Amino acid sequence: MVSKTKSKKSTKVSRAVSKAVGAYQRDKNMLIQILLDLQSMFGWLSQEVLTDVSEQLEVPVTQVYQIASYYKAFSLMPRGRHIIRVCMGTACHVRGSPQLLNIISAMLNMKPSETSEDMRFTLETVNCLGCCAMGPVVVVDDVYHSKPATLALKKIFETAK
Amino acid sequence: MTINLQIDGKEVKAREGMTVLEAAKEAGIEIPTLCYLEKLKPYGACRICSVEVERKGRVRIVASCGYPVEQGLVVKTHSPRIDRIRKVLIELVAPTTIIDGEVAGEIKKLAKEYGANIHRFESRFRAKPTRCILCGQCVRYCDEVVGEHAIGFVGRGIERRTAFFPEKAKACLTCQACFNLCPTGKIPSETDFVVFDGFSVDDYLAGKL
Amino acid sequence: MANKRLSSAKELEELRKEILSKRDSSRSIVTVCTGTACQTYGSLKIYQKFADEIRKQGLEGSVAEAKSTGCHGFCEQGPVVVIFPQEICYVKVKLEDVLEIVSKTLAQGGVIERLLYEDPVTGERIAKDPDIPFYKNQMRIVFENNRHVNPRDIDDYIALGGYSALSKALLQMPLEQVLEEIKKSNLRGRGGGGFPTGIKWETTRNAPGEPKYVIVNCDEGDPGAYMDRSIMEGNPHGVLEGLIIGAYAIGSHEGFIYVRQEYPIAYENTIQAIKQAEEHGFLGKNILGSGFGFKVKVHRGAGAFVSGESTALMCAIEGKVGEPKMKYIHTAVSGIEGRPSCLNNVETWANVPLIIDKGAEWFSSIGTDRSKGTKIFSLVGKVNNTGLVEVPMGMTLRQLIYDIGGGIPQGKKFKAVQTGGPSGGVIPEQHLDTPIDFDELTKLGSMMGSGGTVVMDEDTCMVDTARYFISFCCEESCGKCIPCREGLRMLREILTDICEGKGQEGDIEAIEDIAKVMQDASLCALGTTAANPALTTLKYFRDEYQAHIKEKRCPAKACKALTSYYIDPEKCTACMICFKNCPTEAIHGDKNIVHWIEQEKCIKCNTCFEVCPPRFSAVRRISGESLPPTPTPGTKVIREKKR
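If you read the protein sequences in the order shown, they are chains A, B and C. Reminder that position 123 of the first sequence reads as 1373 in my numbering, one-by-one numbering, no gaps. Reminder that position 92 of the second sequence reads as 345 in my numbering, one-by-one numbering, no gaps. Reminder that position 349 of the third sequence reads as 353 in my numbering, one-by-one numbering, no gaps.
Any given hint could be a false lead.
Pairwise CB distance ranges, derived in the manner of DEER restraints [what the hints assert, rightly or not]:
{"#": "1", "chain 1": "B", "residue 1": "GLU366", "chain 2": "A", "residue 2": "PHE1292", "range": "32 to 40 Å"}
{"#": "2", "chain 1": "C", "residue 1": "GLY295", "chain 2": "B", "residue 2": "LEU434", "range": "26 to 34 Å"}
{"#": "3", "chain 1": "C", "residue 1": "GLU504", "chain 2": "B", "residue 2": "PRO382", "range": "22 to 30 Å"}
{"#": "4", "chain 1": "C", "residue 1": "GLN61", "chain 2": "A", "residue 2": "ASP1391", "range": "31 to 39 Å"}
Treat the hints as calculated values from the structure; they're not laboratory data. Note that this is a predicted model, so its numbers are computed, not measured. Every residue gets a Cβ at the ideal spot worked out from N, C-alpha and C, and that includes glycine.
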């Protein structure tokens, strides 16, 4: 997957980047905020988006990539339609989140950070969501589930298209 | 303004704004480093230049490449504590640089000087050796001196890597400044002089690094 | 809502009177907790239903009103609904209960017994929330406002007296006096460092260079800690007011609030609060006619624990990657863009209006000699009353965990309490009577930290706990410096090996060796403190390490690789519950046929152990000894005749 030539810029990307950069008055200090908005919009950050940000914001492409590859919120690969996040905070850990992760991994035959081949699911671990009384917590498509029973999980995954 | 401090028992005169490393150098006292280069801003990544400083009765371990000289500071560039730090640091970073059972360059020199066992943590180093100790000299030189930003850091923690950016690396053909800076020799050995395929950002995105 | 910017203290007071006059104090206010956690239990719908029902039953206006607030802290009992002024507290409220609450409690003043909190010891139902032990033993000077304000409505905050401290500071106190007051109060940073706030402010104030910056650190990254989230979500104005007062004292006109990306509601509420504060003239030029101007921007984090470190956070605000910088000059002197920058934690800022309002003397009358005021803790883990609690410094750990926390669930035995997050340590039973105090906790090898307090019981493995924190820091390390990056890598490998039965002679010494170098040589506090959980667990639970290494045994029976699950054929009644719940179909059996576990398929998820009815307790966890033989498949259940 080595691209030796600059990828053809699409107007969709250019426009989106222009909008994101403009929303912060082209302030270089807001690079991380701009990338957060673009991640939210596209679900991931492609090489095209990153090089375009570098050009439009006039920051070195190394800096853009360093930030995009440093933070957990950014994905440099396309992700599944349904994002599953298992909280691995201390309280959840003590209440059995590793076992919960095990169960979900076994059910979906996936490891954390993986996206299923059919692009249905991406499994991620997150650091404390701040819902410790509900632990262990798993979030599926922004819906929080507290202490989910194995059978309930089966149902959630089966119905997620 | 002159600042008087003591390094290894020797009275040293320094100028305000100097670091302990610079003051020591001027006084003829060598402190080992891996990530320091005079032309670059001090970075503090290798911690090999760690020294003991005593101020108002309190002893601290600091990186001499970044610690500013102070009036009356007492510095020790060697001590059982300092020597142990350097020894263990080399032992920790060695596994990623071992080729055919050996280390090279600066790592080899320091390992010998501090009695480090380069194989101590080898069996538990389960990643793919990168030969990069992440000293950042290449990245920083390209950023601060050359101004091309052709090589950068990607990733975080033990996934942190240096990566070339092919589009920017056109300037590298004539520059090649980072080749000689690399303390482990990784860059010249892994970089094809024509096309930088060894560790480009595309390799990183493909999971090859 | 004011339709013009307030330009004097008088106008603020007039607005306050106007807001209060529109609020009938005899009216019942149904306060529904809609903090992030309760929201996931459906509390937003519950709030909406209350609003609808109150209107439907003709109670709106003079009799009752529904209010949605931020986190109350009583998280284990959520969704929580409190009716003021009567102080009736209903817990675990469901959507179906709303109708009854409105018609019975609001309309007729009656109390619904089954929705009251039940004391687990006495079985008594407690109606008034000040009488509930969870609340009774707290001192909620900072957090109580969370129960009375809708964070998205500035009027609520003003009605409670909000921004009167700002008015007092800007218009009645010279900035030196504000600084003195904070110094006199001996307020210490609530983010973990415990550095005297007044001194930090003074250093920033005296440092040469303009502009000066003030920063709110809401990058609360310690797993298990969510105090800052709840304050920022539930009472953003409380933090904002403190920030503006601090800016005035320091001479800063520009500030930043850095919020974790994982806290979207806190982020939204902060943006909204700033907007409303600007409209009212609490932000911007010439605040309340004082001549002092201040503006604030919000930055979101992007998922990196280390970005909460002050130099890293400041790099992120500059648009650079949020990794720590080698800095021997304090950021208060040289921070963002090399300018004096004062960074404080959310809770620290939230204490400021109180101190200005009630005075440093009042504040320093609370707490211990060297730790003044209160601290908010997130009491989580193996504890009955999980939630956010605010207590005066000096209360003991035992009081916190037992009197407020209600002790350990299911009658299990307390083992340790972990404080200070990944930089802290475990504190065992013999030290439970230690008063909560910055220095006392540090003496034990741990630290106060940001307030995360994780209770652990006999089923928690201390080696696994160390491994957990080391793994966390290993993943979160920025990777710049050798001791932290490589030290954590190796510690993680060693601890994982120990938990998997691959521990070797000399491992404990290697851990201690690496830890020492990390402490001495790391670039930032993540590196220098990351080994603490390993060191404290070694200090207090060395025997567990020995068992893992020498006997390949996990005393807590928690480490998967060292524990096997076995169904006792003499106790199994073939009820089929574990059979149905096993996620990998590793359990075989049938009605009247003894169940048995196929070891190769077992992933040690603990499900069968948890679901087997206590009266059978047929599932055993075995560690350090060989498994009894599997019963022959098809063995019939032996049912003992009951007497």
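Status of the hints after comparison with the structure:
1. GLU366(B) x PHE1292(A): 32 to 40 Å: violated, 52 Å
2. GLY295(C) x LEU434(B): 26 to 34 Å: Given about 54 Å between the Cβ atoms, the range is violated.
3. GLU504(C) x PRO382(B): 22 to 30 Å: Given about 23 Å between the Cβ atoms, the range holds.
4. GLN61(C) x ASP1391(A): 31 to 39 Å: holds, 36 Å
Hint check: violations occur at hints 1 and 2; the rest are consistent with the structure.
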